[in-house]
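Engineer: Chains as they are written, first to last, in this note's numbering: chain D, 28 to 230; chain V, 28 to 230; chain H, 28 to 230; chain Z, 28 to 230; chain W, 28 to 230; chain L, 28 to 230.
Some hints could be false.
Said to hold, decoys possible - With the C-beta cut set under 7 Å, the calculated list includes, among others, these residues of chain Z facing chain V:
hint : residue
1    : LEU130
2    : SER141
3    : GLN145
4    : ASN153
5    : ARG175
6    : TYR178
7    : THR227
To be verified - Beyond 10 Å from chain H on every Cβ pair, some chain D residues (computed):
hint : residue
8    : ILE77
9    : PRO144
10   : MET152
11   : ARG175
12   : ASP223
The hints are simulated quantities; they were obtained by calculation from the structure and are not laboratory data. Think of the CB as a built atom: it goes at the ideal place given N, C-alpha and C, for glycine as much as any other residue.
Protein chains: 6
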Amino acid sequence: MTGGAKPRSKAARGRGKGDQAIMALDLPMAALSPTMEAYFSKCREKIGFIPNVLLAYAHNSAKLEAFVGFYNELMLGPSGLSKLEREMIAVVVSAENRCFYCLTAHGAAVRALSGDPQLGEMLAMNYRVATLSPRWRSMLDFAAQLTREAYVGEAERDALRRAGFSEADIWDIAAVAAFFNQSNRMAAAVDMRPNDAYHTQAR
Amino acid sequence: MTGGAKPRSKAARGRGKGDQAIMALDLPMAALSPTMEAYFSKCREKIGFIPNVLLAYAHNSAKLEAFVGFYNELMLGPSGLSKLEREMIAVVVSAENRCFYCLTAHGAAVRALSGDPQLGEMLAMNYRVATLSPRWRSMLDFAAQLTREAYVGEAERDALRRAGFSEADIWDIAAVAAFFNQSNRMAAAVDMRPNDAYHTQAR
Amino acid sequence: MTGGAKPRSKAARGRGKGDQAIMALDLPMAALSPTMEAYFSKCREKIGFIPNVLLAYAHNSAKLEAFVGFYNELMLGPSGLSKLEREMIAVVVSAENRCFYCLTAHGAAVRALSGDPQLGEMLAMNYRVATLSPRWRSMLDFAAQLTREAYVGEAERDALRRAGFSEADIWDIAAVAAFFNQSNRMAAAVDMRPNDAYHTQAR
Amino acid sequence: MTGGAKPRSKAARGRGKGDQAIMALDLPMAALSPTMEAYFSKCREKIGFIPNVLLAYAHNSAKLEAFVGFYNELMLGPSGLSKLEREMIAVVVSAENRCFYCLTAHGAAVRALSGDPQLGEMLAMNYRVATLSPRWRSMLDFAAQLTREAYVGEAERDALRRAGFSEADIWDIAAVAAFFNQSNRMAAAVDMRPNDAYHTQAR
Amino acid sequence: MTGGAKPRSKAARGRGKGDQAIMALDLPMAALSPTMEAYFSKCREKIGFIPNVLLAYAHNSAKLEAFVGFYNELMLGPSGLSKLEREMIAVVVSAENRCFYCLTAHGAAVRALSGDPQLGEMLAMNYRVATLSPRWRSMLDFAAQLTREAYVGEAERDALRRAGFSEADIWDIAAVAAFFNQSNRMAAAVDMRPNDAYHTQAR
Amino acid sequence: MTGGAKPRSKAARGRGKGDQAIMALDLPMAALSPTMEAYFSKCREKIGFIPNVLLAYAHNSAKLEAFVGFYNELMLGPSGLSKLEREMIAVVVSAENRCFYCLTAHGAAVRALSGDPQLGEMLAMNYRVATLSPRWRSMLDFAAQLTREAYVGEAERDALRRAGFSEADIWDIAAVAAFFNQSNRMAAAVDMRPNDAYHTQAR
């Protein structure tokens with residue numbers, strides 16, 4: 028054997044079985060507010076584990092709560108975009124930014140919600156190879172350009188309108204794409220690690 | 028006169044005196060929750076106007092509240108970074124992304140908080156021309172690289188540690204830089220316009 | 028349901044069960060030389076299917092034979108690099124170029140040869156997040172830079188020498204990285220589709 | 028206080044009150060030709076100071092004189108472009124190149140000549156957010172592309188013709204845009220510092 | 028004299044008169060197969076020298092033979108593209124990648140086959156300045172985009188079809204462009220040096 | 028024959044034998060000042076032709092004279108840089124910008140002044156393949172970075188100082204590199220064509 032794994036930074040925090048590091052910063056978990064304790068319990072019940080992004084934010088209960096509030100409104104709140112569509116945008120943005128954490132976690136979500144594992148793979152690798160409806164293609168083109176150039180103009184907004192999106196839908200497409208430009212950078216900056224469970228979900 | 032202004036999209040929403048458009052999406056202002064009504068009143072009292080970013084989010088009271096919660100925790104909550112330092116990161120990220128709204132609003136904040144208008148100008152134009160302490164230079168280099176490449180590694184985290192930043196400080200530098208990668212894209216996507224007041228503040 | 032699949036170009040050639048298109052060019056399969064007929068039989072026996080890249084080249088038996096000769100010498104011939112290492116380079120180059128075909132086929136190979144599915148995922152998404160031995164890190168850095176910049180200098184060759192690679196090993200690292208810059212572009216240019224089997228292999 | 032200013036290179040030359048450095052090269056001011064002496068006197072009379080770019084060139088009277096001759100013909104000589112239009116091109120090119128000196132000096136000129144301080148800010152931050160006449164938009168698009176790609180073709184020249192520009196106007200747009208690609212790099216290469224006066228002009 | 032040449036790496040292999048290095052790797056020439064011996068003799072007879080790319084591959088007879096087989100089928104085999112057209116693609120790809128070896132060797136081929144030395148120069152410097160037939164322009168645009176972006180879509184394939192290229196022609200354009208993305212990187216990775224003869228050919 | 032030349036824009040101005048176009052703008056030659064008439068005569072005597080860049084500027088005698096004054100001071104005036112060194116910078120900058128006119132004219136100058144035609148070719152294709160003295164390498168690295176990024180810092184200036192360049196030399200390196208960033212864009216913007224004579228000079 029010629030290669031092999033190098034141990035990660037000693038500073039990295041381990042949690043849960045196997046004491047696996049979840050990020051490169053050495054920040055102990057804080058005492059959580061009752062609301063957040065309850066939320067963590069709900070995670071364990073519903074999906075069987077606490078997503079590592081939440082454990083990473085949990086070094087500060089106030090930051091965790093603000094993040095959870097913002098995230099859940101965006102990805103699970105009422106919207107003209109389906110949950111699958113929001114996850115598709117998340118994956119395409121994360122592919123542009125090559126974010127290991129988000130591609131793993133949200134790639135699993137696209138595979139699960141779409142029932143089409145290859146769609147998840149295509150969006151994570153290069154969404155332009157997928158044969159998509161005009162609605163989906165314009166939505167993902169907008170998200171990808173906004174990610175790459177940090178700029179879109181009236182022509183790009185009009186392309187979404189022509190594809191049938193409402194003004195509120197355009198806000199939501201922008202908001203999801205913008206949010207993952209934040210999350211991708213947060214994950215990279217602290218070297219966040221996805222839970223193992225995602226890798227085999229919905230293959 | 029050979030040039031001149033073209034009227035903006037009819038869809039754009041106007042609010043306040045002069046019915047000036049605040050963004051390119053035609054989204055009527057929603058009924059706000061009492062908490063948000065109170066927050067808007069406090070803005071008018073304290074700074075004399077409501078920042079247009081809040082008016083833009085106000086098409087949906089729940090989204091507005093989630094945004095305000097996340098933003099205030101990040102920029103005004105307890106942190107090893109001073110408020111000026113957080114604003115400096117905001118400006119440098121917004122300069123990388125060429126965001127008119129954020130450069131205008133947060134450039135004014137840097138001028139005001141630092142008492143050094145030229146520092147604000149330098150960060151908005153090209154932070155590398157400013158003569159900065161190693162602490163500030165490493166903080167802004169990290170933010171700029173994270174913005175451009177959406178990636179940093181252990182070497183970049185170690186540079187912050189050597190400059191004296193704690194693990195929690197590194198989280199906060201990352202969090203502010205990541206957040207403005209979101210805000211810059213949100214502002215671009217809906218063509219958000221800064222309040223006129225910012226332009227002349229603290230010159 | 029708001030989205031959905033659009034049928035691919037009528038010109039695309041279908042082969043095998045379900046008449047699935049393997050590329051966007053409409054090129055009928057040629058009569059193959061006896062050597063290539065035998066090679067196709069061996070593929071069916073050994074791995075249960077004929078990789079679509081070979082079916083794509085099979086519109087011209089001479090081109091197919093030249094490709095197979097070049098490919099097999101490079102990826103399966105004697106070398107100081109293990110087969111896994113050659114597949115790792117293939118995946119990292121294909122990730123830089125965002126090649127759906129090669130990431131799918133060679134990502135499966137890395138998962139299978141390494142027995143470490145997450146290694147395959149990391150290389151396909153962003154190899155810099157993987158904790159690697161100096162040998163592997165230098166090998167993949169060299170391949171990634173050669174891909175992105177189409178240039179490396181003596182400093183980059185010396186980094187490989189310091190990591191223990193021989194002159195012949197350096198040739199082979201370069202040759203595999205260069206080859207996949209060809210294959211990625213060939214796959215993109217004709218919109219080559221990977222066989223379904225790869226997606227679920229070695230998860 | 029956590030940050031603070033670092034003194035600039037000892038080599039940097041100071042001139043005028045406060046002995047403030049005007050660039051990073053240590054080049055003493057030369058004896059000027061009578062023409063240049065007269066020109067400097069005229070500057071002091073008319074605008075109250077000598078622009079630092081001229082003081083920087085003044086280490087060599089012949090170079091200074093050639094520069095002044097070329098600059099004044101270009102920016103002040105007869106042209107189908109107004110002086111404001113030439114300054115607008117200067118600012119947009121300098122924004123692409125993130126040139127602190129030129130954005131400061133020529134941003135002030137756009138604010139003053141246009142009587143529209145926000146126009147100056149928009150061009151310095153991201154000209155694409157400004158609502159402009161087709162004439163101005165095409166002029167600035169041409170300048171920005173020429174800056175970024177160092178290439179334009181007949182399609183780009185034809186866009187200027189359709190916007191009403193003559194062949195001589197196209198030459199002048201190109202000449203101003205090309206010139207500031209020179210000036211921006213000269214300012215960066217020697218770390219030229221704008222006179223303080225510009226920062227507060229025409230706000 | 029202020030500058031001057033620095034001797035190249037001692038490791039570099041010399042061959043032929045003057046013992047000039049042909050690449051930066053120190054790999055002794057292998058015993059060649061009879062087929063390759065015969066091929067080298069034919070080179071010496073027909074063009075008076077052995078191209079250095081072949082001498083570089085000659086450290087391994089099997090690799091050399093696989094390369095020669097692949098190359099000759101591609102560049103000299105039957106095709107709807109003329110030999111000049113294949114060489115034009117080689118030069119344009121090599122210009123995008125700034126490959127000294129391939130620009131020198133294939134630039135000479137374009138000058139010789141076209142009888143138009145300036146065409147060779149233009150393609151080596153910036154093919155967009157050449158006034159070309161729609162057939163040639165679309166062929167070179169496709170090759171340049173495939174090189175730069177490692178991606179083309181159905182729109183780009185359709186542009187070739189409209190210019191009169193058959194499905195097999197499109198394969199061949201893609202194959203030549205893809206191949207030189209390999210060769211350029213191979214040449215850069217080992218610092219391959221072109222034979223002196225090319226520089227003065229067909230000027 | 029499958030390809031062929033397309034006639035250039037009718038607007039293009041022709042001059043001299045064969046009525047060959049020298050640029051894409053239709054600007055008639057102006058009456059020249061006596062100084063410029065004399066300068067053109069000197070060109071014809073000394074080098075046998077008038078460089079097309081001068082004929083292009085000659086649509087306006089004042090612009091021509093300002094350009095000639097600036098150019099001759101820079102490239103032929105007193106300097107710590109030899110004329111060859113200034114031409115080498117011109118070629119490396121023009122290669123970064125892929126400027127056909129300047130690569131042709133100044134490539135010929137490097138071949139002639141150095142007596143080393145291959146040096147001219149290497150600088151025009153990729154200067155990093157040339158084996159250069161530390162003085163030349165640092166000079167060209169500075170020029171190339173200034174061209175690509177429009178930014179250099181104190182570290183880059185110090186690299187020149189360590190290579191033995193004086194403060195005045197650094198100014199001159201910057202000035203030549205900056206100037207060709209102007210000239211390259213001027214040539215591209217008006218599609219300037221080099222005189223045929225350059226192509227065969229000093230091969």
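Engineer: Under the constraints set out in the numbered hints, which ones does this structure not fulfil?
Structural biologist: Failing hints, ascending: 2, 5, 6, 9, 10, 12.
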